[in-house]
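*Asks:* Take a look at the letters that make up each chain.
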Amino acid sequence: DAGITQSPRHKVTETGTPVTLRCHQTENHRYMYWYRQDPGHGLRLIHYSYGVKDTDKGEVSDGYSVSRSKTEDFLLTLESATSSQTSVYFCAISSTARRYEQYFGPGTRLTVT
Amino acid sequence: QKEVEQDPGPLSVPEGAIVSLNCTYSNSAFQYFMWYRQYSRKGPELLMYTYSSGNKEDGRFTAQVDKSSKYISLFIRDSQPSDSATYLCAMILSSNDYKLSFGAGTTVTVRA
Numbered sequence: 058d059a060g061i062t063q064s065p066r067h068k069v070t071e072t073g074t075p076v077t078l079r080c081h082q083t084e085n086h087r088y089m090y091w092y093r094q095d096p097g098h099g100l101r102l103i104h105y106s107y108g109v110k111d112t113d114k115g116e117v118s119d120g121y122s123v124s125r126s127k128t129e130d131f132l133l134t135l136e137s138a139t140s141s142q143t144s145v146y147f148c149a150i151s152s153t154a155r156r157y158e159q160y161f162g163p164g165t166r167l168t169v170t
Numbered sequence: 028q029k030e031v032e033q034d035p036g037p038l039s040v041p042e043g044a045i046v047s048l049n050c051t052y053s054n055s056a057f058q059y060f061m062w063y064r065q066y067s068r069k070g071p072e073l074l075m076y077t078y079s080s081g082n083k084e085d086g087r088f089t090a091q092v093d094k095s096s097k098y099i100s101l102f103i104r105d106s107q108p109s110d111s112a113t114y115l116c117a118m119i120l121s122s123n124d125y126k127l128s129f130g131a132g133t134t135v136t137v138r139a
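Residue numbers (this note's numbering), protein chains in the order written: chain A, 58 to 170; chain B, 28 to 139.
Since the hints were derived computationally from the structure, they do not count as laboratory data. Remember, predicted model here, so these are calculated numbers, not experimental data. We put the CB at the ideal spot given by N, CA and C, even for glycine. Just to be clear, a hint being listed does not mean it is correct.
Below, computed lysine to aspartate or glutamate pairings styled on DMTMM-like, alpha-carbon distance capped at 20 Å [claimed, not checked]: (1) B:K126 to A:D95; (2) B:K29 to A:E116; (3) B:K126 to A:D111; (4) B:K29 to A:D95; (5) B:K83 to A:E158; (6) A:K114 to B:E30.
Calculated Cβ distances over 10 Å to all of chain B for the following chain A residues [unchecked claim]: (7) T70; (8) R79; (9) G99; (10) K110; (11) T112; (12) T139; (13) T170.
Facing chain A, according to a computed beta carbon distance under 7 Å, are these residues of chain B, among others [to be verified]: (14) G70; (15) L73; (16) I119; (17) F129; (18) G132.
Whenever a hint applies, use it, and build me the whole structure from the sequences.
*Replies:* Structure below.
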């Protein structure tokens, strides 16, 4: 998975609790992305980062925040989880030279009960 | 209307058959066109990409882009059971931010 790890790989949490997902890369790539994947919707961009402390919103950013304090780590936080945020979350990375090539991590399966 | 439309299938073919997958898109500004393969409970992996119109071959895989009709295709020749996966098309709208727009994915099963 192109030097990308995600943690945790599985999580069950209750509605209203905060949740943080971590993406870690060893490729030293500048760009990092968070997607969610739901049946019938494919992959949808939540937030992305174009450098340390530089982030921007994607298509479905409501209810999510991100932080990137180091090149290798990109955190996704659900401040107060809702059942509609039950999904599989994928992190992706791309380099400056080949931004069109995004490489994905193994995913985190999140269930909000 | 979604930016990228992809028939979710499922598609079931016998081993050795040609698999044909298609996507249509609505925005004429798309520049890069990708195909990702995703095995069950795994992350998507980049299979092929093309820039602008035309064909690109990589082994048993051929990607086609027809920008005049806003249509992209992926063909898998001599399909194998190991090709059983979900295939997602994706496109980059702008070279400013390189955000990917994905189709919903087509699930393919190759029967031995």
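*Asks:* All the hints need checking, so say for each whether the structure fits it.
*Replies:* For each hint, the structure was consulted:
1. B:K126 to A:D95: holds, 18 Å
2. B:K29 to A:E116: Judged against 20 Å, a Cα distance of about 12 Å means the pair holds.
3. B:K126 to A:D111: Holds, at about 15 Å.
4. B:K29 to A:D95: Roughly 15 Å between the alpha carbons, so the hint for B:K29 and A:D95 holds.
5. B:K83 to A:E158: holds, 16 Å
6. A:K114 to B:E30: Holds, because 18 Å separates the two Cα atoms, which is no more than 20 Å.
7. T70: holds, 20 Å
8. R79: holds, 15 Å
9. G99: violated, 4 Å
10. K110: Fine: 17 Å to the nearest Cβ keeps A:K110 off the interface.
11. T112: Holds: least Cβ distance 12 Å, greater than 10 Å.
12. T139: Since the minimum Cβ distance to chain B is about 23 Å, A:T139 lies beyond 10 Å and the statement holds.
13. T170: The assertion about A:T170 holds, with a minimum of 20 Å to chain B.
14. G70: holds, 4 Å
15. L73: holds, 6 Å
16. I119: With a minimum Cβ separation of about 6 Å from chain A (threshold 7 Å), the hint on B:I119 holds.
17. F129: Holds, because the Cβ-Cβ distance from B:F129 to chain A comes to roughly 4 Å (cut-off 7 Å).
18. G132: holds, 6 Å
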